[in-house]
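Trainee: Take the given structure of chain L and dock chain H with the ligand to it, following the hints.
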Amino acid sequence: MRPSTAEFLHQRFLSYYAGAQIPAPDALSQREWGFLFFSSRDDPRMRRHIGFGTKDELVEYLRTMAPAHVFYSTAYYDDPAAPTMSAKGWAGADLIFDLDADHILKPPFPSYPAMLSRVRDETRKLIDLLVVELGFAEHELQVVFSGGRGYHIHVKALSVRQFTGQERRELINYVCGIGLDPALLLRPAAESSGGWHGRQLRALEEYLDWLESLGESEALAHLQSIPDLGRGMARQIWKRRRSLFEMTDASIRKVLRPLLSEGNDAWRSRIREAGVMADEPVTTDIKRLIRAPGSLHGGTGLRVTVLEPRELEAFDPLIEGVVFAEREIPVEVVRDCRVSLLDHDLQFEPGPTRVPEAVAVYLCSRGMAEVGGVAP
Amino acid sequence: MRPVFDAKDLARYPFLQEAQAKIAGSQLENLETFLEGEVGRRIIERATDRLESAISLPPQALNDHFREFHARIPNALESLYAYGMARVIASCTGDRTVIERLIGYEAWRSAFYLSSEADEEKRTEVARQLGLEVSGEAVPVVRYVEMVAGLREPLWRLVNREVKGGFVRVHASELDVLLRERIRVVIRGRGLPGVPPEVCALLAPAVGHVSGVLQSQMLRDLGPIDESRYPPCMAALVAALAGGANLTHMGRFALTAFLHTIGLSTTQIVEVYQRSPDFDIEKTLYQVEHISGSSGTEYTPPSCATMETNGLCVNRAALCERVGSPLGYYRKKKGGPQQAGTAGRDPPSGSSG
Ligand code: SF4
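Protein chains in written order, with the working numbering: chain L, 1 to 376; chain H, 1001 to 1353.
Hints listed in this document are in silico derivations from the structure and should not be mistaken for laboratory results. Don't take every hint at face value.
Claimed, not checked - BS3-like cross-link-like pairs, simulated, lysine-lysine; straight-line CA separation at most 27 Å: (1) Lys1164/H with Lys156/L; (2) Lys287/L with Lys1283/H; (3) Lys1332/H with Lys254/L.
As the list claims (entries may be wrong) - Quick partial rundown of chain H residues pointing at chain L, CB under 7 Å, derived from the structure: (4) Val1141; (5) Val1145; (6) Arg1157; (7) Val1163; (8) Gly1166; (9) Val1170.
Note that the coordinates shown come from a computational prediction; the quantities given were computed from them, not determined experimentally. Idealized CB from N, CA, C, for every residue including glycine.
Isolated chain L, as found in the complex:
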């Protein structure tokens, strides 16, 4: 990034923070903060271990420094500004789920808007699961558009604040469907269509349909490629594909274990899809920094936006996450790209052009354009 581009972005962020209402997280004085700044050097160093006693101090800091990225700890500390993690005194942490396009989609990635809408679907699925199955109240959930490629869900319930990483793992594994035991299918359930019992059952039906569609030789080849599943068992499964559940419990158990294991890619991907594709380490890490709502994402210039769960449906991050105006700015585009923002849908080729400020900020933060030698 050219110094002039860094300066342009810094100026724009300054102007945003001068007037923005930043919602401070609850228990502000117990949070650690971390910041990254615009710089033309490629070595972003985070300034962290910072604490603010009051909201005014935080706002003051943002107004003077206008950081490129603003993070705060999901954890609560006795002394958040202490220089080492051990001296901070961990006192609990919000429960966080992270939904990011990188974990949900495989390259080649679709356009940014398509990507965001796919992640939004996944977020909705997660909210549903958190409420209907895990029993969290909607008002305990804070949905946050990350300003980048996804959404975060902050669960503010006191009851989980003290959860260890391992306890959080139980929840994230539930959400993602990790560690599913195929024998679950055989256990009597009060309601066989609900929860993971139902999801697993439906995934199995789909999987068997898919197997069928491969035809015998391809299906057998697939089955034999599954670890721990021998030739004999492959034949047996193919033969019994329509009547698996008519076998005795003992023999079906023997079949299901290797068949519905993590080692069977075609099965695993179906299970992942049936669950929610959240990024596990974010949930299990109890000392993580997360983007602060109300701040700007320095990689897009979009605002990290808080939503009520029911607002998600109608939320358009490429409209509501935009905080800059229409004033025209000259920029030099450095690579082919396409941008949909507000009501613009623009196609760019490398070279100089003039674009609305909001688009300029977006292009520059993403490294798709530079601002000329003179600061506008």
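Mentor: For chain H with the ligand alone, kept in the frame of chain L given last:
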């Protein structure tokens, strides 16, 4: 009407409010005289025995142990005080393993009595005080997760349960185990008594003995440090270091926690990192000390699942199929026939799942 617990009940369920009150009420005027008196000495001895069993017995041996030594409680009051004293001694050791093992031991012990509790009212009241009133065979998700975090079998994983509206369905036959785990959560949540240094000084012989027992148990569990038994993932991390690669944060964390747990000293761990070309002693020391718990929290090495999520599970070997963590691999790998009794067992804390 709430049932009345007698002294024996309190000795069986020392976490009950009534028992706690009794222990608290026993504040003796002169601790020094008490500890040196005959009763005091006996209580210290019983407490030390408890800790010794807690440290050296694997969970599957505990019920037999209780049947043999605890089925009858000859002096209920002394037994109750011994429970309190064991906590005091554990607190003086300041060692998380000792503390966790004692908690596990006490949970199994009370569960042992509870499973054969003839008085249904008492059983219900104990469950009530534990905050585990199971209505319609459903447990709130949060409670449930706290209880099963230490259990290994896939059957207990939340993902393998029926979960609806914030409740997990459990079966009547599972209640004994859940009560036991709930006792563990409750005892752990209470924390240990803060013991003034003067009192720890008075107990120094017992504290020293317990620390010694732990030392030798750990060495027996893990055997001598042997690089040839490292799981493939850890061997790869060591090799990567030596080859000049920069480990990710997770990689460094996993390796350090692993090496620490199998018994390498801080200096030995730093030596491993020294093989890396961009070795920075200060940074390494800080990280090693942080991860190995000089700050109070010890980190357990990650499980295979976590390793895999982080792309650190590489070159899987046949043995990998049978272990849940790199540490498990290390334990199993060295579990020759002469060690069949101890190798690969769970600590009573069950926290290695
Ligand atoms: S399976 Fe576990 S022990 Fe084996 S290589 Fe992977 S992480 Fe290491």
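Trainee: Does Lys156/L lie within 27 Å of Lys1164/H when you go C-alpha to C-alpha?
Mentor: holds (20 Å)
Trainee: Are the Cα atoms of Lys1332/H and Lys254/L separated by 27 Å or less?
Mentor: Holds - the C-alpha atoms of Lys254/L and Lys1332/H are around 25 Å apart, at most 27 Å.
Trainee: Against the 27 Å threshold, does the CA-CA distance of Lys287/L and Lys1283/H hold or violate the hint?
Mentor: holds (19 Å)
Trainee: Would you check whether Val1163/H satisfies its interface hint, that is, whether its CB is within less than 7 Å of any CB in chain L?
Mentor: Holds - the Cβ of Val1163/H comes within 7 Å of chain L, reaching about 5 Å at its closest.
Trainee: Would the hint on Arg1157/H stand, with a C-beta cut-off of 7 Å toward chain L?
Mentor: At about 5 Å, which falls below the 7 Å cut-off, the nearest Cβ of chain L leaves the hint on Arg1157/H intact, so it holds.
Trainee: Holds or violated: is the Cβ of Val1170/H closer than 7 Å to a Cβ in chain L?
Mentor: violated (12 Å)
Trainee: Would you settle whether the hint for Val1145/H is holds or violated, based on the nearest Cβ-Cβ distance to chain L being less than 7 Å?
Mentor: holds (5 Å)
Trainee: Does the CB of Gly1166/H sit less than 7 Å away from some CB of chain L?
Mentor: holds (2 Å)
Trainee: Measuring from the C-beta of Val1141/H to each C-beta in chain L, is the shortest one below 7 Å?
Mentor: With a closest approach of 5 Å, the Val1141/H hint holds.
Hint compliance for this structure: hint 9 alone is broken.
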